[in-house]
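In my numbering, the protein residues as written are 1 to 405.
Warning: the hint list may mix true and false statements.
Unchecked claim - Label-pair restraints from in silico Cβ distances:
hint, residue 1, residue 2, range
1, R392, L255, 21 to 27 Å
2, R124, L255, 55 to 61 Å
3, K227, A252, 37 to 43 Å
Just so you know, these hints were derived from the structure itself, not from any lab.
Keep in mind that this is a model prediction, so the values were computed, not measured.
C-beta atoms are modelled at their ideal positions from N, C-alpha and C, and glycine is treated no differently.
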Amino acid sequence: MDAQTGRRLGVWLIGARGAISTCVAYGLSGLRNGLLEPVGIATSRGPLGELPFVGFDEIVLGGHEVVRGDLSASAGDLVRNGVLSAELVAASAADAAAFDARIRPGALDGPDVGLADLDPEAARLGAAAQGEQIARIQADLEEFRSSHELDRVVVVYVASTESWREEREAWATLASLEEALERDAAELPASSIYACAAFRAGCPFVNFTPNRGSSLPALSELAREAKLPHCGNDGKTGETLLKTALAPMFAARALHVLSWQGYNMLGNRDGEVLSDPIRRESKRRNKDEALRAILSDPSVHTEVGIDYVPSLHDWKTAWDFVHFEGFLGVKMSLQFTWAGSDSALAAPLVIDLIRLADLAAERGEAGEMAHTACYFKSPLAGGTHDFHAQFRELLDYGERVLNGS
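Can you build the whole structure from these sequences, using the hints too?
Structure (structure tokens):
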């Protein structure tokens with residue numbers, strides 16, 4: 001039996017008709033109607049399942065999207081490619097239509113996003129001053145909360161990877177950011193525009209992408225000032241999950257890793273976006289960071305290649321080659337291949353993070369949610385990248401909640 005808290009939780013998905021959001025929407029419907037088991041949802045199993053998380057049927061979905069269309073078309077693509085079942089999509093039609101009716105045009109991330117099905121309203125909003133964009137998004141969030149009588153809204157960023165941007169001076173403090181926004185000189189990426197709007201609307205924020213999101217010092221300051229929890233960055237769903245689970249083994253056995261070479265092939269919109277080298281740089285930074293930190297060896301060769309393969313659609317294949325040295329100087333190797341659906345792997349993590357963010361807000365917690373590090377390639381609060389140690393931190397947090405501390 002799913003938990004019941006008596007709260008009505010709104011979830012606002014940025015990238016609302018993308019593959020991850022579509023899997024979240026149909027997955028939640030299937031869970032509510034007893035058509036699915038909560039496989040992959042850690043907040044429903046083991047010791048975490050004892051925590052007072054919001055129930056699946058207490059969640060109301062809405063969101064922003066920059067492309068035209070409807071959720072059923074996104075679901076149809078996932079059915080054709082073996083991710084969603086036709087039976088689940090048919091049974092969830094009413095829930096999906098209700099969610100689709102609550103999707104609003106979002107803010108386009110600059111002129112470098114070429115989309116044939118771009119919503120003209122999203123283009124107009126993207127051309128407006130950033131202060132105006134933030135105010136418009138904030139208004140959408142507040143209207144969603146009031147019109148559906150929600151106790152809280154959690155904003156989740158699951159849109160495409162943005163172009164890499166170096167730090168700006170205006171991002172250093174909240175005062176400097178607000179001054180720059182007044183002059184329309186803040187140069188915020190879209191993910192940070194959404195984070196700013198979320199905090200101004202009193203909403204916790206989850207960034208599941210490698211984008212800047214709420215990681216800017218000014219926005220971290222705003223979150224603390226507004227007494228709101230937030231977490232990110234870049235969901236750890238596949239190859240990096242394996243790396244952060246396997247690399248501690250090499251370190252623990254004092255084996256010398258010489259090289260860790262990876263190669264990724266992926267389809268869908270994410271793969272297409274990452275074919276742009278400027279956007280791919282945002283992704284590669286996070287994928288290399290964890291491995292270097294765990295191995296504590298700056299000399300180790302690590303590299304990740306990413307190629308777009310359209311025929312794979314929502315499926316991803318990652319091949320890794322680990323070259324290492326053992327006793328007597330003997331050189332050996334490990335190879336593994338990971339093949340999976342990115343969206344089916346990501347959706348349960350997003351549901352976990354929604355429930356964790358809501359619980360943190362309910363407890364009055366503010367700032368970076370350090371206990372969610374096991375979900376991310378580049379956790380906002382820093383700390384170890386060792387998956388096992390990170391998960392232990394999450395379990396410790398759960399124990400503190402149950403003990404009333």
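*A252 and K227 - C-beta distance against the hinted 37 to 43 Å*: Since K227 and A252 have Cβ atoms about 40 Å apart, the given range 37 to 43 Å holds.
*asked:* Just to be sure I understand the hint, the distance between the Cβ atoms of R124 and L255 should be within 55 to 61 Å; is that true here?
replied: holds, 56 Å
*asked:* Against the range 21 to 27 Å, how does the distance between the Cβ atoms of R392 and L255 compare: consistent or not?
replied: Holds - the Cβ-Cβ distance for R392 and L255, about 23 Å, lies within 21 to 27 Å.
Checked against the numbered hints listed earlier, the structure breaks none of them; every hint is satisfied.
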